[in-house]
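Protein chains: 4
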Amino acid sequence: MIKVSIVGVTGYVGLELLRLLQIHPEVEVKHLLSRSQAGERIADLYPQFAGSSLADLRLEAYEEADLTDSDLVFTALPHGISQREVAKIYKQGIKVIDMSGDYRYGDIEVYENWYQIKHEFPELAREAVYGLVELNREKIKKASLVANPGCYVTASLLALLPVVEKGLINLDNIIIDAKSGVSGAGKSLKEAFIYNEVNENFKAYSVAGHRHTSEIEYVLEEVARQEINLIFTPHLLPLKRGILATIYTDLSTGLDEDGIIDLYREYYAGEAFVQILGDKLPELKYVVGTNNCQIGLKYDKRTGKLIIISVIDNLVKGAAGQAIQNMNLLFGLKEDTGLTQTAFYP
Amino acid sequence: MIKVSIVGVTGYVGLELLRLLQIHPEVEVKHLLSRSQAGERIADLYPQFAGSSLADLRLEAYEEADLTDSDLVFTALPHGISQREVAKIYKQGIKVIDMSGDYRYGDIEVYENWYQIKHEFPELAREAVYGLVELNREKIKKASLVANPGCYVTASLLALLPVVEKGLINLDNIIIDAKSGVSGAGKSLKEAFIYNEVNENFKAYSVAGHRHTSEIEYVLEEVARQEINLIFTPHLLPLKRGILATIYTDLSTGLDEDGIIDLYREYYAGEAFVQILGDKLPELKYVVGTNNCQIGLKYDKRTGKLIIISVIDNLVKGAAGQAIQNMNLLFGLKEDTGLTQTAFYP
Amino acid sequence: MIKVSIVGVTGYVGLELLRLLQIHPEVEVKHLLSRSQAGERIADLYPQFAGSSLADLRLEAYEEADLTDSDLVFTALPHGISQREVAKIYKQGIKVIDMSGDYRYGDIEVYENWYQIKHEFPELAREAVYGLVELNREKIKKASLVANPGCYVTASLLALLPVVEKGLINLDNIIIDAKSGVSGAGKSLKEAFIYNEVNENFKAYSVAGHRHTSEIEYVLEEVARQEINLIFTPHLLPLKRGILATIYTDLSTGLDEDGIIDLYREYYAGEAFVQILGDKLPELKYVVGTNNCQIGLKYDKRTGKLIIISVIDNLVKGAAGQAIQNMNLLFGLKEDTGLTQTAFYP
Amino acid sequence: MIKVSIVGVTGYVGLELLRLLQIHPEVEVKHLLSRSQAGERIADLYPQFAGSSLADLRLEAYEEADLTDSDLVFTALPHGISQREVAKIYKQGIKVIDMSGDYRYGDIEVYENWYQIKHEFPELAREAVYGLVELNREKIKKASLVANPGCYVTASLLALLPVVEKGLINLDNIIIDAKSGVSGAGKSLKEAFIYNEVNENFKAYSVAGHRHTSEIEYVLEEVARQEINLIFTPHLLPLKRGILATIYTDLSTGLDEDGIIDLYREYYAGEAFVQILGDKLPELKYVVGTNNCQIGLKYDKRTGKLIIISVIDNLVKGAAGQAIQNMNLLFGLKEDTGLTQTAFYP
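Residue numbers (numbering that gives the first Met the number 0), protein chains in the order written: chain S, 0 to 345; chain G, 0 to 345; chain P, 0 to 345; chain F, 0 to 345.
To be clear, the hints were calculated from the coordinates, so they are not data collected in a lab.
Predicted model only: the values in this text are computed from it and were never measured.
Check the hints yourself; a few may be wrong.
Note that the list lumps identical chains together, so a pair holds whenever it fits in one copy or between two copies.
Under the rule of at most 30 Å between Cα atoms (straight-line distance), these lysine-lysine pairs were calculated in the BS3-like manner [to be verified]:
| no. | residue 1 | residue 2 |
| --- | --- | --- |
| 1 | K117 | K87 |
| 2 | K333 | K2 |
| 3 | K297 | K186 |
| 4 | K29 | K333 |
| 5 | K300 | K165 |
| 6 | K165 | K279 |
| 7 | K297 | K117 |
Given the sequences, and given the hints that come with them, work out the whole structure.
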């Protein structure tokens, strides 16, 4: 049994980790750390755990908890704050999977520029492995610190990697129009996220400036070995979970729609968590609650555009599930252990 | 491995059975029967199964499928239609768990009166065991045909059994004000269930006439050994899953609120799927996606009323999950095998 | 033209007043007061007013605004805070319609007991007229200070007045099971009201203790001239607007369902905003966006219970619309002026 | 008073027309025609009209109704079916505003190609005026038959007209990523539109093939006097009303963001129903329930793209409201008569 702890358990990502770890057959949960609610029993705060074997676990304060009995710690903390906590745990020789943006960039300058936060552990950032399994599987197996990818980024990269890697699209005209559920914003107590403001509403936000733009570009540039400037526009959906990205690219190859679909199927052959749909297009409900990414493809002859549609659950493949997939790799387990659920439907 | 098949797999209950069985460690799914979509691959119809080990299963027509290799068949069919299919399968010596109302009443007259359908297999109805595990555990273990309880009924009975069995309330003044999500209506293609008619709407329906009234009374009368006429009012919530029942009773005992809570805790001690909350009241989000029933209790001194609030997921504890709980009993498995998930949150 | 101002315009009730007053043919809006956002242009804060004739109005601070050019001020402030603001304005000889609970009880003791707030203007509370038009029309016409009724209270009283006034029910066994949309909670920045916590969720709250219990009892006791203790249970619906109350009473008369329906129709004959539905039961979508209350009635022979179902829009008939109805009376206008919209559907 | 009738009143567009006409100060509603529910009282079918002055109107069958006392008929019928009904009414010398796609193309070939329906009244199609008021105001004033624009088309054209007319963008790389609420699909009784399938779901549909592509191109080509092939991708939002279009274009001019915003403000100066927002981006909740279109603009220096965001209520500015705006023009009324509501919020 892998002994794991969670730092920052009361956020949506922390709780989703707990939900998934609770049914993972090879995991024993040791410590749940929380800044604001230390001392409380998890089932008193979150009665969904009342019937669970974890019901009686109590949250612990950061300062008081001793994590040295853990094989692995998940840190689910805000950007900027995570840096230091990760470093502290890592220095104790414990493996860490970090959910924040703090260790996703080997090049600290890009991070500091887009996040406007100073990075105090640049050498650690260079050591961290970017945890997109489908891209970095072998590196992750040997890693001690994994930076779990951003949610929008995961949906976008899995959609774009095949055509970027194979050089089939014009890299100067990529448009990612992405839509996310509200859980992506975490438990923010802002007027914009209260029910009355969200239900029956829809909007774009952070247009031409969202941080995930830089993370998508950063990874694609490594793959393409050239600079990429793309458009990424996030929108807020009136629903809880899920990201759908509609991606517009100029295809620079003779392949038709079927050829492209075949190419994607080949690229992702053997992947447990990526499915290329054929004549159906992916919908959020096909993946919500699961670690799956589903991808659909349409080629528009009139304009020569390839439209790629990609869906994930932002809290699973976009966060907690992908983190557990990383954990499975780190500890030599079958990659889909504890992650074989199908979507929560209806 | 238990070999199971599902008749009527494309309804919400059938698909929920498949979702849960897919991760059940002791089950092998053999046949999926469907009237309208025989021949199709399950993952083509329901792409949420595209990444699953069941992806390539094909639906079979009723007439053509040979179920004799199954240890157990779940029938998820409309009331009235289920009767005959159940009988047909049962006569082949296969165990059956029926999700419809057809075999829930040993007394055919009550059934025929409330359902306005003739019952053609009265002897089989008498043989069937009513599958509310918390009430009938020992009988179920020896059963060959289990009638899985109604969703509203499950939420209501678990809330009322302790006080009715112990004779602590006035049986002439029980009011059940129940609220259900839309999945309770199945995939009905009626104007009343299209999105535009449901979202931002709320209504009562079948007031003073819903069939589940009779099922609640039928079971409670056996427990109380006296006639009971109660009020049951269902409402349609603008959400997909979940039932919350607010139950009003006149307490005829000297117990205070704490005493009542203790009594419920004792009554359900050892039950894996019933949790009595203390100072928090249950909410749908604590149980959605799980086989749990959570119960909260308030005593109003000013009026002498005990208010019982009970929540379940209508598709899990109210249908597919309870059916699998029954299956586990039938086959000597630990009762919570495959059913230990915590709620889908947020 | 009636010159009106709003104190507390940025809450949901304040903004709903503005939405309705903006299309009222006899009203000129003078001042919009706000504690937190003084100086801002209304259309910059709430772009829904960008195309309106009011777009350029600027919010004013309480201390700086001179309201003496107003014929009427609506105060839309939290309970407790409203007391003093109302008194201040009233003393300047301006008519006031107060949306809070502060002036709804002539008997200060009841208020102080249920609200746990000291009332500093008891004489003014006695002078205020309770603004349920269908009950107090003649008094309102001559009033200078109107206490606009609570939202749950409006739905409950309109449903109960006919049978209570005529003595047709047992007053010791009234149960009001009420369900409200989230706008009833105002713009509270609490975790419980963020989208992720509300959508696909449902719960009861303030069971056996909500303040509106006292307001319903207070008014009914005056009508019935006897003490009444009833049960009022509010629930939170995953929708924005609307209250549906399901009310259970013991009928103590020989009338059948049709007789009761006739009695209600007679009682509310001539009322512009109360409709008694016949064989259809009321749904929220029939009244959302309007000042209407719709009532449905079912008699259950088996138990002798009369079930009354009542629906309103909590922000219109339960707040801003009823306030404008009161305003129309105060200024001798036709009672439905500016309030003749039909429901926002779908 | 203008005497108007509605053919096809029981669809969402027909009912929205009735909702808006009911409060229009210059309109008298004469006939409501319905194929399926002739003979019924409108308030019995749609109890939201129970308190309205129109409550007692009865639906009439097509064959039996005599529309010759109407000054204007709105036809709210499915594409293909509308053709003939419009022609029949028009030939009686009655003005018609048609909500379908049948008369939107002077060039019948384009219509027949994209709709795959034969047009039997080509001369009438050439006579019809396309009812986008902001483009065709003067022509509409003199028209007898107005083809009301499509909902997606309205949102897209109002966003694109300024830059297309002034030649400021590359016409070969226009991408319209549009998202609509479910009411856009009408009352379709298809599984895809039932509540359980829509809530908490999101998807693209008709990718690279939606008919509105042709309508957008058709109008823009007339304005630009050159062929245009653009990408239009519709998505289904889990909400009832509203369209948001995110439009990506390559700006071919030296203007910066402020310059573009000024240009749009100038272009739409004097328009009652188009608002250019400044530093806020438009959200659906700013326009739902109104005839307004709000537009926001962002220029992304890194890629040289202009991102235009446009929002409307698909049933109002995208259908019934725009139709009434057209009616006001046809009959010489002030263009915003009966249409001055602000958004339904929250």
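Results for each hint:
1. Only within a single protomer do K117 and K87 lie at most 30 Å apart by alpha-carbon distance; the minimum there is 17 Å, versus 52 Å between protomers.
2. Proximity of K333 and K2 under a CA criterion of 30 Å is satisfied in both settings, with 17 Å inside one chain copy and 25 Å between copies.
3. Only between protomers do K297 and K186 lie at most 30 Å apart by alpha-carbon distance; the minimum there is 28 Å, versus 36 Å within a single protomer.
4. In this assembly of identical chains, the alpha carbons of K29 and K333 lie at most 30 Å apart whether taken from the same copy (22 Å) or from different copies (25 Å).
5. Both within a single protomer and between protomers do K300 and K165 lie at most 30 Å apart by alpha-carbon distance, with minima of 21 Å and 28 Å respectively.
6. Within a single copy, K165 and K279 get their C-alpha atoms as close as 25 Å, which meets the 30 Å cut-off; across copies the closest is 40 Å, which misses it.
7. For the homomeric pair K297 and K117, the shortest alpha-carbon distance between copies (28 Å) is at most 30 Å, but the shortest distance inside one copy (42 Å) is not.
In this structure, every one of the numbered hints holds.
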